[in-house]
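**Q** Spelled out, the chains give:
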Amino acid sequence: MRYDTVIIGGGLSALMCGIELARNGKRAALVAAGQSTMNFSSASFGLYNAPEPLKAIAQLPQSHPYAKVGVEQVEALAGVATEIFNIAGISTVGSAERNHKVITPVGQMRECWLSIDGVVSAQDDKLDFNSAALFVPEGFLDIYTSFITSALQQMGVMTSLCHFSLPELVVRRNNPTEMRSVSVARALDKEENLRALASIIVREAGDAEVVLLPATLGFAQNDVRERLERMTDRRVLMIPTLPPSVEGVKAERALRRAFEKMGGAIFAGHTATSYQTDENGEIVSVTTSKDVTLMAENFVLATGSFIGRGLEADRQGVCEPLFGSDIIGATSPLTDIDIYSPQPFMGCGVDVDEQFHILKQGKSVDNLYACGSILGGYNPVKEGCGAGVAIITALSVAQTIINR
Amino acid sequence: MNNQYDVIIVGGGATGAGVARDCALRGIRALLIERADIATGATGRNHGLLHSGARYAVNDRESAEECIKENMILRRIASHCVEDTGGLFITLPEDSLEFQAKFIDACRAAGIGAEAIDPKQALALEPSVNPTLIGAVKVPDGSIDPFRLTAANVLDAQLHGAKVLTYTLVEQLIIESGKVVGVKTLNTLTGERGEYRAQITVNACGIWGRDLAAKAGVTINMLPAKGALLVFGHRVNNVVINRCRKPADADILVPGDSITVIGTTSSKVPFDQCDNMVVTADEVDLLLREGCMLAPALEHTRILRAYAGVRPLVASDDDPSGRSVSRGIVVLDHATRDGVDGFITITGGKLMTYRLMAEWTVDLICKKLGVAVGCTTAVAPLPGSAEAEKVSKSCKCSVHCVSAKASVENRHGERAKDIDNSTAAKRALVCECEQVSVGEVEYAVNCLGVKNLIDLRRRTRVGMGTCQGELCAARAASVMSEVAGKSAAEAKADLKSFIGERWKGMSAVAWGDTLREGELLSWLYDGVCDLSNLKEQK
Chain A
1 MRYDTVIIGG GLSALMCGIE LARNGKRAAL VAAGQSTMNF SSASFGLYNA
51 PEPLKAIAQL PQSHPYAKVG VEQVEALAGV ATEIFNIAGI STVGSAERNH
101 KVITPVGQMR ECWLSIDGVV SAQDDKLDFN SAALFVPEGF LDIYTSFITS
151 ALQQMGVMTS LCHFSLPELV VRRNNPTEMR SVSVARALDK EENLRALASI
201 IVREAGDAEV VLLPATLGFA QNDVRERLER MTDRRVLMIP TLPPSVEGVK
251 AERALRRAFE KMGGAIFAGH TATSYQTDEN GEIVSVTTSK DVTLMAENFV
301 LATGSFIGRG LEADRQGVCE PLFGSDIIGA TSPLTDIDIY SPQPFMGCGV
351 DVDEQFHILK QGKSVDNLYA CGSILGGYNP VKEGCGAGVA IITALSVAQT
401 IINR
Chain B
1 MNNQYDVIIV GGGATGAGVA RDCALRGIRA LLIERADIAT GATGRNHGLL
51 HSGARYAVND RESAEECIKE NMILRRIASH CVEDTGGLFI TLPEDSLEFQ
101 AKFIDACRAA GIGAEAIDPK QALALEPSVN PTLIGAVKVP DGSIDPFRLT
151 AANVLDAQLH GAKVLTYTLV EQLIIESGKV VGVKTLNTLT GERGEYRAQI
201 TVNACGIWGR DLAAKAGVTI NMLPAKGALL VFGHRVNNVV INRCRKPADA
251 DILVPGDSIT VIGTTSSKVP FDQCDNMVVT ADEVDLLLRE GCMLAPALEH
301 TRILRAYAGV RPLVASDDDP SGRSVSRGIV VLDHATRDGV DGFITITGGK
351 LMTYRLMAEW TVDLICKKLG VAVGCTTAVA PLPGSAEAEK VSKSCKCSVH
401 CVSAKASVEN RHGERAKDID NSTAAKRALV CECEQVSVGE VEYAVNCLGV
451 KNLIDLRRRT RVGMGTCQGE LCAARAASVM SEVAGKSAAE AKADLKSFIG
501 ERWKGMSAVA WGDTLREGEL LSWLYDGVCD LSNLKEQK
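Chains A and B are the protein sequences, given in the same order.
Note that the working numbering has the first sequence beginning at 1, numbered continuously upward.
Note that the working numbering has the second sequence beginning at 1, numbered continuously upward.
So here's chain B without its partners, still in its complex pose (with noise of 0.2 Å):
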């Protein structure tokens, strides 16, 4: 087996993805290591927002102008990743309208489309928005789905000859005269063992890279900043609705799919709760009490769950305090900061700027390997978007509806059409709330690098709905125990942890229906299936 690469890329978020996929168009051999699965930390918890960098207008212009140039590229080339939903930026009577006219000004300036409409207008364009509003921005804020993003990046990787690893852990990096020249990994679910080396590594890890670094004996200030969002059961607006105010907690509505996300708050959390975020009853009462500002029927809407994400801030390196955060992009050349050569960390930034902290790490990258090849993914769509406008007419899944078909379609834009939906058996639903049928199962085993329910929920939606899975999750365990050839005692264990894992979410907002819910949820699985008493898995 040839364990040999040019780049090493340890971390499948979104940042990771992109630079194996910059990698790979250049025609440098890229290895992406994922100690989970893809999209798993910070980048599948946020908001799900396609930022029009609008919010940073006033305070951070630089983000602001990367955002709008990071969102127009991406809605050319992740086009079935984005919805374009327009946003609104609202002034309530406690905020001011000096501060609207300062915004407005400001997202010009940024190359931002703001225009002001009169509240009326506003709220026939989302009548969900809270109706006391005093004024009103459109801005070109849209949705995005990052599990879908980060699955097209780490597909159009592997077309192009990178090689994914999930499921892997770097437990040690090879370091020979003060080089950085590869990895020990294992696999977390086979227990193997691995070596793979490169000229380059590169740590894009988030908030975890600073363990990573550590490995190479480098010192990364970082500083956990929790952010806790709520998803509610139905799709309340949609319109992505904002406060125009300094930017503060809980004071962005998004849509999207089936749902509506608010967020975020944010608060400082020790390292060792990085992996086991739990969303508090104060956190709860935040969220809601500022969402209801934007939205008041959310005071009546079912929330469905609560999660939470951390986000990888980097203190400056000039000031040794560690107060001083830096909210863009953070690229470290470990060779010049700290004379650790073949090692590269990409950090800070956002999920709307994933792409072009990507291309400035594979910048560095090519400067150092001698490669000379420019940067195509600003113009390069995703595999999903290359056909989009074509799918619906060509796409030849024989879908029973047009609901699946639209469905189907907008997950995976044309690549539905590697979807075997030719017989009644591939064509029955798993889930049906947002419609995910057999044959999409197994093309997301097939095709997606999916290993467990989890995963499957993060490529197609299974169980991200109203019922929360409650209905599709042992029919999803029973198909994949099939399509992956996975035991029947294997299976079991998996749809027990994800179950598991639904309820983590709903515990923390358990009253009214999502209580209701729960006590089926739990009467279901813990007792009718009697899933509490599986006998352990080694």
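If we strip away everything but chain A, and leave its shape as in the complex, we get (with noise of 0.2 Å):
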């Protein structure tokens, strides 16, 4: 099969990118191995830890992903990711210039760029909201309803905590393991749940300004929240939880969804196992694990890091183990003991030149380009960039492809 370009990943950098080429009219593919690691985020992406982002960028070493964009470029792409999110569906709320807070799962207040629209946020520290009420399913221990009052606390905002139970719940709840994020969303797609839900709500909510729910609002169905609220003639609003991640599962399928509808490819549950030059040691082709054979004008790797195992570490270093790409940041130890400290191993990744063209051996290739968490000289956790360094970089390698 030929395409104008493989995408080899299947998380939110492959398929920002995958989408960005399909809509300006290029044949993509991408070859998903098996669940990204949306799968884990929260309900929120971030661009950089800094009240202003933007500014924060400008300041970036060299050798950082976002400053081979250019800052400027990186305030474009911010704009078209948001227009990107928008045609798969998924609104969302934030700016690049002034980042807002979101609620984590234990309750802190973190910074961030943009936000699945009805998820707890407050900007400078300020919840638009005096009282709530807190609905937990029974038995489902995935939302830390202490953190979240005392936090709700914090900020004012007074909080009462009623646990319901519904009858798909009860049978469900028999299997304490199937008390999980994902089960509670899916009995929420179905209209009869969804209605009892509502029914305790309007008897239990008082005169409490919003409702709060664990974030598992349909699992199938995209417009729960809104439904809910209609039922319920309240504001719903939802507490992010820690994996799997309904929204980030939601989000991956809906932007997976938008790529196939315009056109895209993709190859789910194949892993690239080994690629093809010509005489210049340009790349030809990638095969699969199904053996199918994959052949197009360009390549980009966006396998991730340790975790989506684009990059692979055993005793010896760090590997990237489909192309042998040149890595950086490999130092020894590649941990510090301390978990709260920079992981070194963080800033590993792939070695690129400024268009994001993988180096082998010091050369750069030209139609192979890297994308996303498989990149180095950052650290995501740290610098809360994760997320946006995996959609930027992303958005830059298809436009540098587009325009070549």
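In short, the hints are calculated from the structure, not lab data.
Only true hints are included.
Each computed DSBU-like pair below joins lysine-lysine, with the alpha-carbon atoms no more than 35 Å apart:
| hint | chain 1 | residue 1 | chain 2 | residue 2 |
| --- | --- | --- | --- | --- |
| 1 | B | Lys535 | A | Lys126 |
| 2 | B | Lys426 | A | Lys190 |
| 3 | A | Lys382 | B | Lys504 |
Footprint (simulated), chain B over chain A, 3 or more residues, beta carbon under 8 Å:
| hint | region |
| --- | --- |
| 4 | 144–152 |
| 5 | 311–321 |
| 6 | 328–337 |
Computed from a prediction, not measured in an experiment: that's the story for all the values here.
We treat Cβ as the ideally placed atom computed from N, Cα and C, and that holds for glycine.
Quick one: dock chain against chain with the hints and give me the complex.
**A** In structure tokens:
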């Protein structure tokens, strides 16, 4: 099969790159090995940990992926990203000029750029409501009620707590390992369950300004929160949970659908295992674990960091297993014994030139690019820029390919 | 408040807990003081091997005999802490079969059942064993959960009237006319200071006993010997595998619950490192290299974490050079040794002989106090092992499924019936790897003295499984805050330190899947949850 561009990876960066290419008329294919790290994400995306992220990005050293893109381009591409989310039907709030804050699963408030609409968020540590009623499915332990209520209280919001149950959840609860965010979300896909919840809310919420629920509002359906708002005539907001992240999974699915709708192809369950080159060392094709060979003009490596298996570490060091790309940042040791200190391995990644061409033995390969968390030279956790780098570098690579 | 006791025991490892229990069973009023949680020192940092004694048979007959006797006793009194895995001593081509012959003779002389079996039989018994073996001997090794064992001793001591203070530091010994008459303490959680008095104070502090003795002006020449171990991500072997040669580094592979442990190394460390053991890359190399000789599958098995403990070795009193080390049990009566009355040190020995160490100590205490009650700890079962065989039928704990029921009974024996799993809310699982319910967390907080998440891990195995707490720690923190009445800020600080602690053991072996887990851990707790920016607690 022949494409303009084959993207190896199936997460946020691969999807963003694929969509940008597809909507500009390029034939693109994704090789998506399995679940992506969007399953672990919260319901928000960080650009950079600073009240005004673009100002901070302008100061970054040349080795940082954002510096290769350039701050003006980062700003422009941040706008493109918002547009793509919109096209995919994911409504977001937030701007790249000024971060807002979003509540974390343990009730901290952290800086972020875009949040999926409906997550509890604040501007300048101030929420726009004064009272709330928190509804928690009985036996569901992935929302930490005391952390959340105390965080809200610190921001001046009085919160009442109500545990609820629904006939379907009672049955599910007989197997406690089933009381997960995805199971609850699936139950709330069903009209009768949602109506039952709505009537509990109407009965129990008192005069609370907003209704809070763990981010488990519908799995297959995208409008559950809005429907619940209409049924209860209240504002309904979500508290993010630890994995699996229902909102992360839904966002991934929406992006995949948008990509396919634009004519993109997804080889799901395929892992790229080998590649072929021409006499100039340019990539001609990649072959997958299911023995499918995909030919293209351009190849983008967006397989992620260690979690996504884009990078692999053994006792000897770090490598990029598919192309054997040059690696930067593979310090020894790779870790710091304090988990809350910057972890050296976070800075590991494939070496790229200014246009994100991958370097092999010091020489860039003209039609091979890398984007997303497989890049090195930055710390996604400490800089709060994991999602931002995934998105911005993906769009930057897509535009380089489009302009080629 | 009555702060007068017959005996104060300092140190909440297996030995201290054993002394407290033995005292309580003999009607002696005992107070056990531990600076952190129970089983935090060497007790919780070893293989968890129920030695048959075979390892010592050739070189140290006395230790071997003690081990096999205690082995048989623990199988009876602590059945819920013991798993009868059996053990193999294997001879590899580079080892000598002559040693095997000598080994079997020595085992038999020490009363240890040792049976040579054909290498093929050994492979059938334990398919993970190195297939190049040329000889194998079956011995009655097993595995033992040191946390459970210590908790059961503490619980029984309390049931018989002993008082237990954890997170309490002994700042000073109270000495009046050359006699130790009590201790001054600091509660490290509340900052509260206390004073307790007793006729006798027992130093059961392991390697830290040197410092306590110094407070009485007594010198004990101790040699901290570090032992590093690795935990593998699943149960590679079902039978304990030892190397049949002179005891050396990393030659014991022990299965325990859902994991397997290889150890140990042995190296001298300075005293100032005893509180902060870090496993080095060289130690990891050695453990892996030798471990693969026992079970080649280890080469491709995920390593969950590395940890190390410190053996409290004591230099013999009659050797001024300090080179001659006693590996046996050391009871020091400081009245006769140093002219300091009311002060006894119990040290040396090993986890296997904790009960015997306690018996000797309490025999000495009885002599001093004029108490004429004999020791019953060799026959009286620990709580949890009282009616072990009847548990499964009689236990009314309505856990949702067979695996959860088995897990909870395995951990608490017949005490599982005290765990409230009567409602769906109580049955909700906090830790899915190890099947720990909300009810079990409540029981651990209310009945087993759990103060924080790390304590909870020692009592229930929360976070000890494959995910190392990645997905259950926050749940557990939230449940703990409700059950133990902690503020959200305290509970979050507890969560932060629990995750930090888990990572310490992972970072030494952070490559392959363990690095992946580490990246996720950092993402989730430093990134998604933003725990780094937790405001510091007072």
